[in-house]
Amino acid sequence: MMKKFITYTALFLFPIIVLGILSEILIRRIPNDYEYKKSYLDKHANEVSTLFLGSSHVYYGIDPKYIKSSFNASYISQSFDYDLEILKKYKDQWSNLKYIVLPIDYFSFYGRLENSPEAWRAKNYRIYYDIDNDHKIFNASEMLSNKLDVNLQRLYNYYLKGENDISCTKLGWGSGYKAINHKDLIKSGVIAAGRHTAKNNLQYGTNMHLLDSIISFAEQKHVKILLFTSPAYKSYVTHLSQNQLNGTFLAIKTINARHSSVKYYNLLQDSSFNARDFYDGDHLNEFGAKKLSLKVRLLLGKI
Amino acid sequence: MLFNSFSFAVFLPVIFTLYWLLGKERLKAQNILLLGASYFFYACWDWRFMFLLIFSTLLDYFTGIKMTESKTKNARKFWFWLSISINLGFLGVFKYYNFFADSFAQAIANFGLQVNPWTLKVILPVGISFYTFHGLSYVIDIYKDRIKAEKNFIDYSLFVSFFPLLVAGPIERATHLLPQIKKERSFDYSKAIDGLRQILWGLFKKIVIADQCANYANTIFNHSADYSGSTLLLGAVLFAFQIYGDFSGYSDIALGTARLFGVELLRNFAFPYFSRDIAEFWRRWHISLSTWFRDYLYIPLGGSKGGTWIKVRNTFIIFLVSGFWHGANWTFIIWGLLNALYIMPSIVFSTNRTNLDTVAAGRSAPTFTEFAAMVLTFGLTVFAWIFFRANSVGHAFQILSTIGSGSLFTLPQILPVKLFLLLILFILIEWNGRMEQYAIAKLAISWPKPIRWGIYYSMVLLIFFFAGAEQQFIYFQF
Numbered sequence: 001m002m003k004k005f006i007t008y009t010a011l012f013l014f015p016i017i018v019l020g021i022l023s024e025i026l027i028r029r030i031p032n033d034y035e036y037k038k039s040y041l042d043k044h045a046n047e048v049s050t051l052f053l054g055s056s057h058v059y060y061g062i063d064p065k066y067i068k069s070s071f072n073a074s075y076i077s078q079s080f081d082y083d084l085e086i087l088k089k090y091k092d093q094w095s096n097l098k099y100i101v102l103p104i105d106y107f108s109f110y111g112r113l114e115n116s117p118e119a120w121r122a123k124n125y126r127i128y129y130d131i132d133n134d135h136k137i138f139n140a141s142e143m144l145s146n147k148l149d150v151n152l153q154r155l156y157n158y159y160l161k162g163e164n165d166i167s168c169t170k171l172g173w174g175s176g177y178k179a180i181n182h183k184d185l186i187k188s189g190v191i192a193a194g195r196h197t198a199k200n201n202l203q204y205g206t207n208m209h210l211l212d213s214i215i216s217f218a219e220q221k222h223v224k225i226l227l228f229t230s231p232a233y234k235s236y237v238t239h240l241s242q243n244q245l246n247g248t249f250l251a252i253k254t255i256n257a258r259h260s261s262v263k264y265y266n267l268l269q270d271s272s273f274n275a276r277d278f279y280d281g282d283h284l285n286e287f288g289a290k291k292l293s294l295k296v297r298l299l300l301g302k303i
Numbered sequence: 304m305l306f307n308s309f310s311f312a313v314f315l316p317v318i319f320t321l322y323w324l325l326g327k328e329r330l331k332a333q334n335i336l337l338l339g340a341s342y343f344f345y346a347c348w349d350w351r352f353m354f355l356l357i358f359s360t361l362l363d364y365f366t367g368i369k370m371t372e373s374k375t376k377n378a379r380k381f382w383f384w385l386s387i388s389i390n391l392g393f394l395g396v397f398k399y400y401n402f403f404a405d406s407f408a409q410a411i412a413n414f415g416l417q418v419n420p421w422t423l424k425v426i427l428p429v430g431i432s433f434y435t436f437h438g439l440s441y442v443i444d445i446y447k448d449r450i451k452a453e454k455n456f457i458d459y460s461l462f463v464s465f466f467p468l469l470v471a472g473p474i475e476r477a478t479h480l481l482p483q484i485k486k487e488r489s490f491d492y493s494k495a496i497d498g499l500r501q502i503l504w505g506l507f508k509k510i511v512i513a514d515q516c517a518n519y520a521n522t523i524f525n526h527s528a529d530y531s532g533s534t535l536l537l538g539a540v541l542f543a544f545q546i547y548g549d550f551s552g553y554s555d556i557a558l559g560t561a562r563l564f565g566v567e568l569l570r571n572f573a574f575p576y577f578s579r580d581i582a583e584f585w586r587r588w589h590i591s592l593s594t595w596f597r598d599y600l601y602i603p604l605g606g607s608k609g610g611t612w613i614k615v616r617n618t619f620i621i622f623l624v625s626g627f628w629h630g631a632n633w634t635f636i637i638w639g640l641l642n643a644l645y646i647m648p649s650i651v652f653s654t655n656r657t658n659l660d661t662v663a664a665g666r667s668a669p670t671f672t673e674f675a676a677m678v679l680t681f682g683l684t685v686f687a688w689i690f691f692r693a694n695s696v697g698h699a700f701q702i703l704s705t706i707g708s709g710s711l712f713t714l715p716q717i718l719p720v721k722l723f724l725l726l727i728l729f730i731l732i733e734w735n736g737r738m739e740q741y742a743i744a745k746l747a748i749s750w751p752k753p754i755r756w757g758i759y760y761s762m763v764l765l766i767f768f769f770a771g772a773e774q775q776f777i778y779f780q781f
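Here the protein sequences come in this chain order: A and B.
Under the numbering used here, the first residue of the first sequence is numbered 1, with each subsequent residue one higher.
Under the numbering used here, the first residue of the second sequence is numbered 304, with each subsequent residue one higher.
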């Protein structure tokens, strides 16, 4: 009886498992940003002199083509823990690294990728970067970590329509936020501010420690750090919680007091950015990205 | 560890294989394995609360023995009340303390006095309401001489902590589960297949129905001020399907899982939305809790004996307690009271046992009267669910006032057509299987295997299609 049960169960599951494995293999072969960035760093980490880390504000906001020998290794919702792991992963290859540019935004100390609505992205670091920060089993698989319809769409787009998942340029900049497709700046700013306002400060201490570790890592390698708060549209800024904002500035003050090698610039309400530079309430479009990239180049020259 | 998680998909086959490898001759080893697995399952939520679970188990185990061994009535009473008060004390501290402290402060504030209540920053231990009720029924049954105390600590602990029912029921009785734990269990092919089928149906209800309804219901309830009356009504109806799919789906997975180990758990749902009156609804919804309240509260209070006034009083008490059992919030209490009001006419006129059979038994369609009765009962239930789901009583009234406005007669701002189609399919399957233990128990059972398997594969496909991030089960918070 048990033999019959096992046989029938195995027979029933067999096509599901085979299809699952096949789909997993096919999905992993689809070129994507994470895999691209990892392979770029594998080959060129020793040539990079300025490295950009952080979340979508940098991914869409800084185009490395304006800064010599730089690379944008940031990504959407990439938190300090992943920034640190990327640095550590290539620790023996940063022979030319002079600057690390890192955004300190309103949400930077109050959340991490694994606690955010974008937590599903953690699997990309596990699968393509070999960085496993949250130790969840399903993050080792594309099929188990994403909805079937999303995966089927990706398979269809790549294998039948020839479209891959790469949305960044050769130097890692996210070029997808075009001015022509801009969103309602007021509405999106209000929504983003709400989304970025934390319910508690449970992650604050951990994030402080992680930032400290990033800076210590850089100091050991004699790499300078430029921290900055990304520009945002007024609809976003006016809807931020003053408490959380104060907490962020307090953290920066503490970090600055501990590490003299760190320079910080607050560009949150920088007057050189106007409505035409924003894709939505808290992200720059290609024009804003050029402006910010040139500004960061200028700031790097000062440190 | 959630039933709808990858971890559980690994955990279950491992425990299942080890369990049957031990063989029925080694019952003690099987029970130790199940107990270890249950504690591991619970520790995956929060290992710290393991101590509370073990303490509660030890308490009821020892007080049970002490009651049986007591030579005097007073000693017996002492051990009984010790167990009851400590059990309810823990439940009170973890679940209700902050509610009472805040409510007291608010009441005082009405008289112009300000107090800052000392509230506890505690997390509600998962399943505390369920395993406390397990323990209470055991202790009460011993006190009432319905059962003898269980001497075997492993067997008793497994009765309290058996992982399929540990965090959200069904609320078992010692008279039903303990004998199964003590008896040799042999592998039964048809029961095991039936268990898998029920797990599949439970997953379908949770992931395809409940979670999809939740996407819309949560959006509508969380932004209720932005939506029209028709949209809010739609949100309430979707919540009704969400909570049914979620909780009955959980129960199906629990029952199916237990059956894989040769254990039959109490049935928890019997197609409640096909009820023709509220009394029937409560015989079909969360059956293990309803019968618990009937046996351990309603009947000891006098039940239906002693005239109409006693019946009315007792009915109000059990619905009030039932609402409070769900959580320390006035919304749950109002939900309970509403249900008490709904059921009251049938209590007063003694018509609460009119619909004891299944609707349209032996027929494929209901009569118009049956259909109208089902729609009315469903409507009343949806109305009460608004209080259950709302964040506060004020929130519930805001929703109801919008539903009562002219915007009820406009087109809803959200029209999830695909979800409507899924719900129609779901209702048809449930209707077709309403005479069975669960909807697909006999679905296509006599059809050729390829067709039957085709149906199961379609369900698996839909589950994977809709599965996203693991969603908690609603009843874990109770």
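If you are wondering where the hints come from, they were derived from the structure by calculation, not from laboratory data.
Be aware that a few hints might be false.
What the hints assert, rightly or not - Within a straight-line C-alpha distance of at most 27 Å, the following computed BS3-like cross-link-like pairs (lysine-lysine) qualify:
id: 1; chain 1: A; residue 1: Lys4; chain 2: B; residue 2: Lys745
id: 2; chain 1: B; residue 1: Lys398; chain 2: A; residue 2: Lys4
id: 3; chain 1: B; residue 1: Lys721; chain 2: A; residue 2: Lys147
id: 4; chain 1: A; residue 1: Lys3; chain 2: B; residue 2: Lys721
id: 5; chain 1: A; residue 1: Lys221; chain 2: A; residue 2: Lys295
id: 6; chain 1: B; residue 1: Lys485; chain 2: A; residue 2: Lys3
id: 7; chain 1: A; residue 1: Lys4; chain 2: B; residue 2: Lys721
id: 8; chain 1: A; residue 1: Lys3; chain 2: B; residue 2: Lys752
Hints versus structure:
no.: 1; hint: A:Lys4 x B:Lys745; verdict: holds (20 Å)
no.: 2; hint: B:Lys398 x A:Lys4; verdict: violated (47 Å)
no.: 3; hint: B:Lys721 x A:Lys147; verdict: holds (16 Å)
no.: 4; hint: A:Lys3 x B:Lys721; verdict: violated (41 Å)
no.: 5; hint: A:Lys221 x A:Lys295; verdict: holds (25 Å)
no.: 6; hint: B:Lys485 x A:Lys3; verdict: holds (26 Å)
no.: 7; hint: A:Lys4 x B:Lys721; verdict: violated (39 Å)
no.: 8; hint: A:Lys3 x B:Lys752; verdict: holds (18 Å)
Going through the hint list in order, the structure does not satisfy hints 2, 4 and 7.
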